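Q: Protein chains in written order, with this note's numbering: chain W, 247 to 702; chain G, 247 to 702.
Derived by calculation from the structure, the hints in this document are not laboratory data.
Nothing here was measured: the structure is a model prediction, and the numbers come from that model.
A portion of the hints provided could be inaccurate.
Identical chains blur together in the list; that is why a pair holds if it fits in one copy or across any two.
Calculated pairs, BS3-like style, for lysine-lysine (alpha carbon to alpha carbon, straight line, at most 27 Å) [to be verified]:
| # | residue 1 | residue 2 |
| --- | --- | --- |
| 1 | Lys668 | Lys611 |
| 2 | Lys668 | Lys412 |
| 3 | Lys480 | Lys342 |
| 4 | Lys463 | Lys365 |
Protein chains: 2
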Amino acid sequence: MTKDSDNKKTLYGVSQETIRALEEALEEGQESHVQALLKPLHAADVAVVIESISPALRYLLLNILRSHFHPDILSHLDETVREEVIEQLGTRAVAKALSGLESDEVVALIEDLDEDQQKEILASIPELERGIVENTLTYPEESAARLMQREIACVPGFWTLEETMKYIKEGPHLPEKFYDLFVTDPKHAPLGSVSLSLLLRHPPSTTLHEIMDTDIKRIPALMDQEEVAHLFQKYGLVSAPVVDETGRTIGMITIDDVVDVIEEEAEKDIMHLLRVTESDFFEPLFSTSYSRIRWLMITLLNMLMAAFVISQFQHTIESMVALAVLMPISAAMSGNAGMQVVTVTVRALATRELGGVNMSRAIWKETLVGLFNGVFFGIVMGCIAAFWFSDSALGCVLGGTLVINMVWAAIGGVVLPIVIEKMGMDPAIGAGPFLTTTTDLLGFATFLGFAHLFLM
Amino acid sequence: MTKDSDNKKTLYGVSQETIRALEEALEEGQESHVQALLKPLHAADVAVVIESISPALRYLLLNILRSHFHPDILSHLDETVREEVIEQLGTRAVAKALSGLESDEVVALIEDLDEDQQKEILASIPELERGIVENTLTYPEESAARLMQREIACVPGFWTLEETMKYIKEGPHLPEKFYDLFVTDPKHAPLGSVSLSLLLRHPPSTTLHEIMDTDIKRIPALMDQEEVAHLFQKYGLVSAPVVDETGRTIGMITIDDVVDVIEEEAEKDIMHLLRVTESDFFEPLFSTSYSRIRWLMITLLNMLMAAFVISQFQHTIESMVALAVLMPISAAMSGNAGMQVVTVTVRALATRELGGVNMSRAIWKETLVGLFNGVFFGIVMGCIAAFWFSDSALGCVLGGTLVINMVWAAIGGVVLPIVIEKMGMDPAIGAGPFLTTTTDLLGFATFLGFAHLFLM
Chain W
247 MTKDSDNKKT LYGVSQETIR ALEEALEEGQ ESHVQALLKP LHAADVAVVI
297 ESISPALRYL LLNILRSHFH PDILSHLDET VREEVIEQLG TRAVAKALSG
347 LESDEVVALI EDLDEDQQKE ILASIPELER GIVENTLTYP EESAARLMQR
397 EIACVPGFWT LEETMKYIKE GPHLPEKFYD LFVTDPKHAP LGSVSLSLLL
447 RHPPSTTLHE IMDTDIKRIP ALMDQEEVAH LFQKYGLVSA PVVDETGRTI
497 GMITIDDVVD VIEEEAEKDI MHLLRVTESD FFEPLFSTSY SRIRWLMITL
547 LNMLMAAFVI SQFQHTIESM VALAVLMPIS AAMSGNAGMQ VVTVTVRALA
597 TRELGGVNMS RAIWKETLVG LFNGVFFGIV MGCIAAFWFS DSALGCVLGG
647 TLVINMVWAA IGGVVLPIVI EKMGMDPAIG AGPFLTTTTD LLGFATFLGF
697 AHLFLM
Chain G
247 MTKDSDNKKT LYGVSQETIR ALEEALEEGQ ESHVQALLKP LHAADVAVVI
297 ESISPALRYL LLNILRSHFH PDILSHLDET VREEVIEQLG TRAVAKALSG
347 LESDEVVALI EDLDEDQQKE ILASIPELER GIVENTLTYP EESAARLMQR
397 EIACVPGFWT LEETMKYIKE GPHLPEKFYD LFVTDPKHAP LGSVSLSLLL
447 RHPPSTTLHE IMDTDIKRIP ALMDQEEVAH LFQKYGLVSA PVVDETGRTI
497 GMITIDDVVD VIEEEAEKDI MHLLRVTESD FFEPLFSTSY SRIRWLMITL
547 LNMLMAAFVI SQFQHTIESM VALAVLMPIS AAMSGNAGMQ VVTVTVRALA
597 TRELGGVNMS RAIWKETLVG LFNGVFFGIV MGCIAAFWFS DSALGCVLGG
647 TLVINMVWAA IGGVVLPIVI EKMGMDPAIG AGPFLTTTTD LLGFATFLGF
697 AHLFLM
């Protein structure tokens, strides 16, 4: 969060004044003024403009941009808005725009489209590029191969730096910009890497073998993108070769391809814990509503079960209405305490801080924290309830309930995500709802049950 | 989340078998075996080992590693564990280890220490490096200057590529590895950048002026690190010059410095929404317990206020105990629906998707989604309640309550974070608790209040 965000926004990016001026120009149909306003903007900022304005103005703006649509704008658009834009521009105009991009960017853009659109666009791009893109699309979504670019600088290790520099100067198949050369063996398997700055520092007669860094991480084409991001982060990688099953180099991934994955993955886990989807913000009204309802159904079922539990104790409540006043407390406290544990555990699993070896220690620690906090809040709330209703037995029941429920919340909060992950499912989606269901039911059942046993 | 995480973990990183073998060797005091096991590991993996084993074994391991402690291990350690390690190693040993690092890494390591430790360590590192580090520490925490490295390749634009290449070969003050050269004017202000791959592709007589890319982003030294991360992500930057107030280049930030900030910031916002701190996982028992209690106190106060609201309706509940059964429903539904909106809004603010221009549209959209979902769940729950207790008036009261509360949850969920950010505070911390307080109180008050008005 930034405190002086207004200052910062004007340093780079589009100012609100520019957007307002553009909105006016669009409303009044001043096409040339619109183009003049957009001209100095970076593609990323044009994307911001397209996202910010209303759908009606967006339609007008795209009509103006259509004939010379910069492909980078597409890469910068939010997924939901991008689909809308592609729809309006039509596959032919999009295909034309795509021809200016590198293979990994083309893949990133068209992999989200439906099959018909993909086919139409692929049919309109040059054959060589089409082959590369089609081949990449045969790899599963979210795999390393989908992230990689095919353009890679591979050289044999026996080359001298002089030969290498000559190759770079003349080599037609090299990426536009690159930072590391990869040394490969005759079978095209990566042996090491040489950073360009190193290349410039050694005498021209040195061979690559002598200066290459052999501590490289080979990324299997099928590795999950989250795992790729984790490797880049952990080992501080800048680029890494991607290899197929036979160990042959088929492309490379650079850190800038990984940056978005890193944010995406950190965001995804926790947005699922809070029961929203990642693309929520730009989604149209009804699909937002639908996806929220889907998640809220869990809360509804939860609360119906809780209501059923409470209804079993109607007579108890009728004879001591203070129970109705206090009964939401233990469910809420243990629910929140449990979600804290779930959050920490899900992130620790995702960042690999929590692994096989330290699991039992983590479970043990959380249990103790839960016990400690349960006793703390049990005493606090027990005393408050005892004084409030001048009934020490009631205080003891509430206090005891809180201890039991918060210990369960702690154990469940750390064990459930671990078990769900071991079962091959996503703990970020499953653990939260499952845990709060148990804390709600247990919260009401133990409090009202104990009250029925000890106070009636 | 990964489905076959066991497979992947063994590809790179430490296997559980290695950690177990190491634990055994430590327990049996086989120092040479411990060293043999650690030798093939990357510093990042040694850090994982140190984090994974129990504090007792950690103590033994550090005693073995002390004399030749690799400084990179420190950079890879979680903050909580790192402090423990520095404590045990002692400032002298740490200072010795630090001399192997670049200035930005030294800063990153010692900025978290307390002042006495900082002074002791600074006193033990070489004078030149000390000056650089001390100067960097005068910049505020989380500023761009703290992220940057001082080592940067700056060259005048009139140089030919031949001269530049000669300078790189002989230049003693250049960073160890770098990807871009920055062209600066005589006052040392950045004019453009030249990627090394470009340098190698043009004839030696070309001047840098001719090939440099002038579309660079100058990062002010005081810019917030979150803003820096945002710029790198938005514009796909790989490196950028950092300038002081006079526009002079004082260092550079590369994308690998930014990667951790990106994850940190995405994580921080949402962890605060779920009321845990980021460093929670490795914190010792009591400080975890303390920080969780702090956040849970909000829930406690919340629930006490809710209990007070309920207690105002004791007579109503006594005469119609079905109210006790149904009353948690609307608070829970609107609380969860509101947190969905808060989550989406906080992330949209953080990623700048939500700005001045589209705010009213976002508020309007959320209100409509809230109304729509409120009506949906109002009808569903109203019917269920009417049938369950054979009381259609009760069903109407519950249904109407749900509509009102979910509309408020939607409006509050989008407006509160915006207002809190406008006030210069962090919406991730404030918005959630504030909203759930209102949804809880309003949830109980409207349901019981309407019941009192219409059903008594």
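Q: Against the structure, test the hints numbered earlier, and report the numbers of the ones violated in rising order.
A: The structure breaks hints 2, 4; every other hint is satisfied.
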